[in-house]
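Residues per chain are reported as follows:
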Amino acid sequence: MAATVKYDEVTAGQEIPAVEYPVHRVDLVKYAGASGDFNPIHWNERFAKSVGLPDVIAHGMFTMAQGGRFVTDWAGDPAAVVDYGVRFSSMVVVPDDDKGAVIRVSGVIEEKLEDKRVVVVLTAKSGDSRVLSRARAVVQLS
Amino acid sequence: MALNRDFVGRAYTAPTPYEVSRVKIKEFAAAIGDTNPIYVDRAAAAEAGHPDVIAPPTFPIVFSLAGAGEAFADPELGLNFAMVVHGEQRFEYQRPIYAGDQLVCTSTITEIRSVGRNEFLTVQSDVTTPEGELVCRTYNVIVERGGAA
Numbered sequence: 001m002a003a004t005v006k007y008d009e010v011t012a013g014q015e016i017p018a019v020e021y022p023v024h025r026v027d028l029v030k031y032a033g034a035s036g037d038f039n040p041i042h043w044n045e046r047f048a049k050s051v052g053l054p055d056v057i058a059h060g061m062f063t064m065a066q067g068g069r070f071v072t073d074w075a076g077d078p079a080a081v082v083d084y085g086v087r088f089s090s091m092v093v094v095p096d097d098d099k100g101a102v103i104r105v106s107g108v109i110e111e112k113l114e115d116k117r118v119v120v121v122l123t124a125k126s127g128d129s130r131v132l133s134r135a136r137a138v139v140q141l142s
Numbered sequence: 001m002a003l004n005r006d007f008v009g010r011a012y013t014a015p016t017p018y019e020v021s022r023v024k025i026k027e028f029a030a031a032i033g034d035t036n037p038i039y040v041d042r043a044a045a046a047e048a049g050h051p052d053v054i055a056p057p058t059f060p061i062v063f064s065l066a067g068a069g070e071a072f073a074d075p076e077l078g079l080n081f082a083m084v085v086h087g088e089q090r091f092e093y094q095r096p097i098y099a100g101d102q103l104v105c106t107s108t109i110t111e112i113r114s115v116g117r118n119e120f121l122t123v124q125s126d127v128t129t130p131e132g133e134l135v136c137r138t139y140n141v142i143v144e145r146g147g148a149a
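Taken in sequence, the protein lines are chains A and B.
The numbers in the numbering used here rise by one with no breaks, and the one at position 28 of the first sequence is 28.
The numbers in the numbering used here rise by one with no breaks, and the one at position 43 of the second sequence is 43.
For the record, the hints were derived by calculation from the structure and aren't laboratory data.
Hints are not guaranteed to be accurate.
SDA-like cross-link-like pairs, simulated, lysine to any residue; straight-line CA separation at most 20 Å [to be verified]: (1) Lys49(A) x Val85(B); (2) Lys116(A) x Gly49(B); (3) Lys24(B) x Gly100(B); (4) Lys6(A) x Lys125(A); (5) Lys26(B) x Asp37(A); (6) Lys125(A) x Ala18(A); (7) Lys116(A) x Ala48(B); (8) Lys49(A) x Gly100(B); (9) Lys112(A) x Val29(A); (10) Lys116(A) x Lys49(A); (11) Lys116(A) x Gln94(B); (12) Lys49(A) x Gly49(B); (13) Lys24(B) x Arg5(B); (14) Lys30(A) x Thr35(B); (15) Lys26(B) x Val29(A); (16) Lys49(A) x Glu9(A).
These stretches of chain B come out as covered by chain A in the derived footprint (C-beta under 8 Å, 3 or more residues) [stated by the list, open to error]: (17) 25-35; (18) 125-134.
Cβ atoms here follow ideal geometry from the backbone N, Cα and C, with glycine treated the same way.
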């Protein structure tokens, strides 16, 4: 197992270009089934509004998974991600229309560690909201 | 209602090991929209040096709260699940998770605190093989909105 990105070829401060991940209601239904999280705030608009939410919201873990995709696609091997943590700072509201929502993820190599590891800090936004904060992955490079 | 602080320190082990299957990994990868063949194709996984298909980094969420679910449902804790949102999550890996793994998960409630009107509850889950090898450790913070009001 090995990342395709080489430690010697990256520098601290280097940016990883943004990727946009669309989210539709059906994605939340699929995620509910796959993850086992059937909280109705993620698929039932009537319920979501009854508990004070603006509309159905994405599972935080769905958003985190998009950040995970971003890092594993960059690293080239999912096994290279040895530590991944986030704070859920804002909701991804997913309206019931053809457009849905978009999660835009970008990254920067914050620090080069020992043993060919790097810290990648992610920024994830939906519209103008930062939906993840303190989003940080430690990646084992080659 | 404030959460019952007596639950801090309590540990819950899922009654049976979780068996990681290729089918579940495939379903999970599809649900997050990830088309990386390493999650579904054994040949692609082998080419990358893995013994079988690998699980995406956030996959342990599927099983890591099974034990703690018992605590969350306990009326003595006082958790109103309708008001719960996810606060923080972290996965710390010792090695990747592969199809075929049997994983034992022990979840410990490590902290309950109030922040403003909300209650924050932290669960640490140790995911090990049946032989006791640590595979990954997860940290999960759930927030009960209005719980501390």
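So, going through the hints one by one against the coordinates:
| no. | hint | verdict |
| --- | --- | --- |
| 1 | Lys49(A) x Val85(B) | holds (14 Å) |
| 2 | Lys116(A) x Gly49(B) | holds (19 Å) |
| 3 | Lys24(B) x Gly100(B) | holds (11 Å) |
| 4 | Lys6(A) x Lys125(A) | violated (28 Å) |
| 5 | Lys26(B) x Asp37(A) | holds (17 Å) |
| 6 | Lys125(A) x Ala18(A) | holds (10 Å) |
| 7 | Lys116(A) x Ala48(B) | holds (18 Å) |
| 8 | Lys49(A) x Gly100(B) | violated (41 Å) |
| 9 | Lys112(A) x Val29(A) | violated (39 Å) |
| 10 | Lys116(A) x Lys49(A) | violated (47 Å) |
| 11 | Lys116(A) x Gln94(B) | holds (16 Å) |
| 12 | Lys49(A) x Gly49(B) | violated (48 Å) |
| 13 | Lys24(B) x Arg5(B) | violated (36 Å) |
| 14 | Lys30(A) x Thr35(B) | holds (15 Å) |
| 15 | Lys26(B) x Val29(A) | holds (16 Å) |
| 16 | Lys49(A) x Glu9(A) | violated (49 Å) |
| 17 | 25-35 | holds (count 7) |
| 18 | 125-134 | violated (count 0) |
Going through the hint list in order, the structure does not satisfy hints 4, 8, 9, 10, 12, 13, 16 and 18.
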